[in-house]
Amino acid sequence: MNTKSILGLAVLGAVAALPAWAQEAAAPVNNAFIFNTLLFLIGGFLVFWMAAGFAMLEAGLVRSKNVTMQLTKNIALFAVASLMYWLVGYNLMYPGDAWTIAGLIGGFSPAVIQGDIPADAAYATGSDFFFQLMFCGTTASIVSGTLAERIKLWPFMVFTVILTGLMYPIEASWQWGGGWLSTAGFNDFAGSTLVHAAGGAAALAGALILGPRIGKFGKDGRVHPMPGSNLTLATLGTFVLWLGWFGFNGASQLALGTEADANAVAIIFANTNMAAAAGALAAMVLTQVLYKKVDLTMLLNGALAGLVAITAGPLDPSLFGALWIGAIGGIIAVVVVPMLDKAKIDDVVGAIPVHLVAGFWGTMAVPFYTQGASFGAQALGFAAVAGFMFIVSAIVWTVLKATMGLRPSEEDEIMGLDKAELGLEAYPEFRA
Amino acid sequence: MNTKSILGLAVLGAVAALPAWAQEAAAPVNNAFIFNTLLFLIGGFLVFWMAAGFAMLEAGLVRSKNVTMQLTKNIALFAVASLMYWLVGYNLMYPGDAWTIAGLIGGFSPAVIQGDIPADAAYATGSDFFFQLMFCGTTASIVSGTLAERIKLWPFMVFTVILTGLMYPIEASWQWGGGWLSTAGFNDFAGSTLVHAAGGAAALAGALILGPRIGKFGKDGRVHPMPGSNLTLATLGTFVLWLGWFGFNGASQLALGTEADANAVAIIFANTNMAAAAGALAAMVLTQVLYKKVDLTMLLNGALAGLVAITAGPLDPSLFGALWIGAIGGIIAVVVVPMLDKAKIDDVVGAIPVHLVAGFWGTMAVPFYTQGASFGAQALGFAAVAGFMFIVSAIVWTVLKATMGLRPSEEDEIMGLDKAELGLEAYPEFRA
Amino acid sequence: MNTKSILGLAVLGAVAALPAWAQEAAAPVNNAFIFNTLLFLIGGFLVFWMAAGFAMLEAGLVRSKNVTMQLTKNIALFAVASLMYWLVGYNLMYPGDAWTIAGLIGGFSPAVIQGDIPADAAYATGSDFFFQLMFCGTTASIVSGTLAERIKLWPFMVFTVILTGLMYPIEASWQWGGGWLSTAGFNDFAGSTLVHAAGGAAALAGALILGPRIGKFGKDGRVHPMPGSNLTLATLGTFVLWLGWFGFNGASQLALGTEADANAVAIIFANTNMAAAAGALAAMVLTQVLYKKVDLTMLLNGALAGLVAITAGPLDPSLFGALWIGAIGGIIAVVVVPMLDKAKIDDVVGAIPVHLVAGFWGTMAVPFYTQGASFGAQALGFAAVAGFMFIVSAIVWTVLKATMGLRPSEEDEIMGLDKAELGLEAYPEFRA
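Residue numbers (my numbering), protein chains in the order written: chain A, 717 to 1148; chain B, 717 to 1148; chain C, 717 to 1148.
One chain only, chain A, in its complex shape (with noise of 0.2 angstroms):
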């Protein structure tokens, strides 16, 4: 016997000698395998959360014979990207060594989490799994507020299984999965530029095909105000997308297992936390400054454009930095709106400034804070992922419009999506 079986003995000696919950819990139990799957669940539960909160966000921010639809499109979308990152999204983003296209396009093969799990694995992948189709949604969910009002139900979901199947698994596989953009040194820590702008890109593609509401921007040239029909509503959105943000950012550091990796989640959590109350307040500001009065809805897109910003790195920038990351985001959110209307870009709930614009904010402010990042490769993946899917987004809403139809008729459109094409009103006994 030699000294390296006595000195293993020793410790299997030892773990006998305890009693029986102790001993399993002196063998190797991978304690880091449980604190990182728990992470990716918890944060997987929250981002899930944000496909209400859109939800709740949109039909707020909707006029009342529209609220059905956007309800029904909000709940499918998320339906339909369950679906389409399993058939062959997440395969497509993860390929591992199976690229179709190196570093380009991924393996096409549906999902699968069971079976044995490796000695080597630090997570369970049904958790990666549930966490990361969490983030296809939420790129999808920003597509149907922009469009909101006037596009009819089954083009829309007919996009909605091309964006989460195939666009939006593509475009992150260049980063996440290992692709190309992660080797030219970009930064995207967990989507301004990836799920954020990637989303808001393909709903200004489908704003400029669609066209503006009926009656938006007059013929005398003036912009006219469609109210959102409930404001409670949009405002619990808002709380319920800032909630679930902290597991978007702080599950995205994918490991708990540590206490450095304990240390970060939370840093994270608190600069998320700053950023959206700075967007939230410089949004808050700024519209007394310009307008003489307050605007909650500013006020709250500015929250959002907040955490836009911080999205792309919130582990790094000081509780400061995330201040003014964030500060900047709400200003965003304000600014941008007036220069869509000039352009007659009709976006209905803000989705564009919140989501393209402060992502694009957001992924540009990384090389402030993190350490080997440079304006360049941020330049290039926000261009290339954007540019990605405006353009893919403009061939399919093209394709749609050429065969399905785009827009309900002018007089369904007046009526209302809810009568027009559901039979079903949000709210029938509350007259207008």
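Among the hints, a few may not be true.
Where chains are identical, the list cannot tell them apart; a pair therefore holds if satisfied intra-copy or between any two copies.
Unchecked claim - Derived DSSO-like pairs: lysine-lysine, alpha-carbon spacing no greater than 27 angstroms straight-line:
(1) K1135 with K1009
(2) K932 with K1135
(3) K1008 with K1117
It should be emphasised that the hints constitute simulated quantities derived from the structure, not laboratory data.
Position chains B and C relative to chain A; hints supplied.
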């Protein structure tokens, strides 16, 4: 000094050389105990949240004149469940060795969660109590929706006392308390039968004895739709339930202290989400095919039916298994509604298709994926629980009808329970 | 080579023989640090959610013409709290050894959460900061409800800056920062006094200086009810608060790294739920007895008062203890309302009975179950904190009244603050 002592000392010596916190960490802390407890607490607060989900779903699906009553019942029934489950339910459901009638009726004593932690405890008793009482609350929530708009407050509350204090704990003890069903080979992971079908059977008995709302079924044989007053609330409620269900099914694994348990919880989360998504999409497509338009309320109930269906066995199926089990649930939610209408059973929110019928389906689907499960045992378990709940409920409802009376006067029902019974309108400023 | 070295090597040798992840796991990872941090983060996001709960509760209990304003205040006050707690609050509340005036006034410097993790750290600083700032936000949320419908936006915001940056951190430092109250034997586990009564006292001072809403108290001496515009929202808000309170009380255990801590958190969750349920039921039965009908808003406030009452000592009581402490809280919520009416104090949402009076009750109930607590010390702590908050608030409100003015013009108040001050209606399509 024998070898064993030396070996034991070896570990202790090594521990003594570590810094203070590491000594504590190296001392046999039962991390599994903490993980398991945490799972119950997270699962518990998620299932608590389902009480809010039912409240919103039901408040959204009733007419505005009965909303205050529906909200009152929902929050009060959860409070009653909390009280009764402590007073008698917990020990009735988990009697250990203290059965009143072995395997059939447990013990009668209040729950105690304080006291020393036994050396072999796998989790904190308080966390198990907290988690399990939420299931008791869920069962009661199911009943309130079916009977909405036509039952007086106090008889409903008396029924809830009996349901939560006696009926649910007794039938649940048969399986989860180690009673006769568990030895008969029945499988019901998180309660397709024990919670959902049980609540649905109690609701069905109530609907039959209570009769339909005035005007629901015309003398001309036609069904008069009575659309819900607030579909944003109904959608919010569904999202809340979907979220809560991750805790409902996930924490029913009852353990998180090993890699295998963490992996199982992760699979359950992913399967639960897949079943909900598939149920929603199946209902969406089916209503389009059958009625030429998508029906949001069916889509919502489809998601819920998918969730109910996967609840009996959320761990063993593949994602594809969860998909088709959930999709059939969604189909059930759509096709059972006209059957109930034909039978002149007035189920205001569709709880009977969603919880009773999809609960049956989910229970019977277990043997497709779970080794050792049999269709016979599944049918036996379902019949026993649903039969017990239906019969006892029918007796209780009949006695309540004969004593307190169940229905308000015709005049009061037409006026709405909010004004008539509570004197408080939910939306006093928004006139129908 | 001495014995100790050999024994130390024994462990290291055994570790070296393990696979990579197990080596890491066997290396002294401080799991307690991770558990504690995770508790703060989960507790923190649950308490964050309470900000949404207050927003919904208050938006539901005001008249529709003031809903946008109430929403604006609620989201803005939380953003201000996030900013101020970083800028000065955190170090003012937890000065360590850096008191400005020992035991009375802490230090003045922004919070820093980055940097190396000290070897003896029990949790991530960022997670503590995140959790504690949520309590600061809660205190501010309490004030907004009482003063609703008749205070201008900006003076309210200035008060919030002072409350969250100075007043709350100072009084909370007296106990939780290790100040003079903590050495005086005061007990307040999660803040019946330090958060709830503190907020309630600030609200009371504001209500007295601001005066009642126009028309609330008629010249004929009668009280004119002004019913809330949306009871589904109010109910949703209550459910949200109830949910958030599990984090509020549970994570105030401040540790989850041992079996004893996990057990304590579990007991706190169960007791917190019991107190809420008992408060709801007590208020329900009492309103039935007093007014011959159940009052939903009282039931909601009863649940909240039960929660406030248990907050000072949620760990030590039995479930039965939590029941009667919570039930008395619920009774307080009902019986204090007519007293306030008699005193012509206009408390729009009932925050004074719920937070101040039930907070007093909960504080005084601690000695019934907590060893070492005394009625004298409890009364001292309550008087000191409530007195400090009332007096300082009264001064600040008075100064604001004299400088900015607190109330809108009579015309604006009658028109509603949404149109008059914000130019944005919450429900523009639903006419009263």
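- Copy assignment of K1135 with K1009, given that the CA separation must stay at most 27 angstroms: Cα proximity of K1135 and K1009: across copies only (11 angstroms, versus 35 angstroms in one copy).
- K1008 and K1117: within-copy, between-copy, both or neither at 27 angstroms Cα: Between copies, since 21 angstroms is at most 27 angstroms while 42 angstroms is not.
- If the cutoff is 27 angstroms on CA atoms, where do K932 and K1135 land: within, between, both or neither? Let me know, please. Both ways: K932 and K1135 sit 20 angstroms apart in one copy and 22 angstroms across, limit 27 angstroms.
Taken one by one, the earlier hints all hold for this structure without exception.
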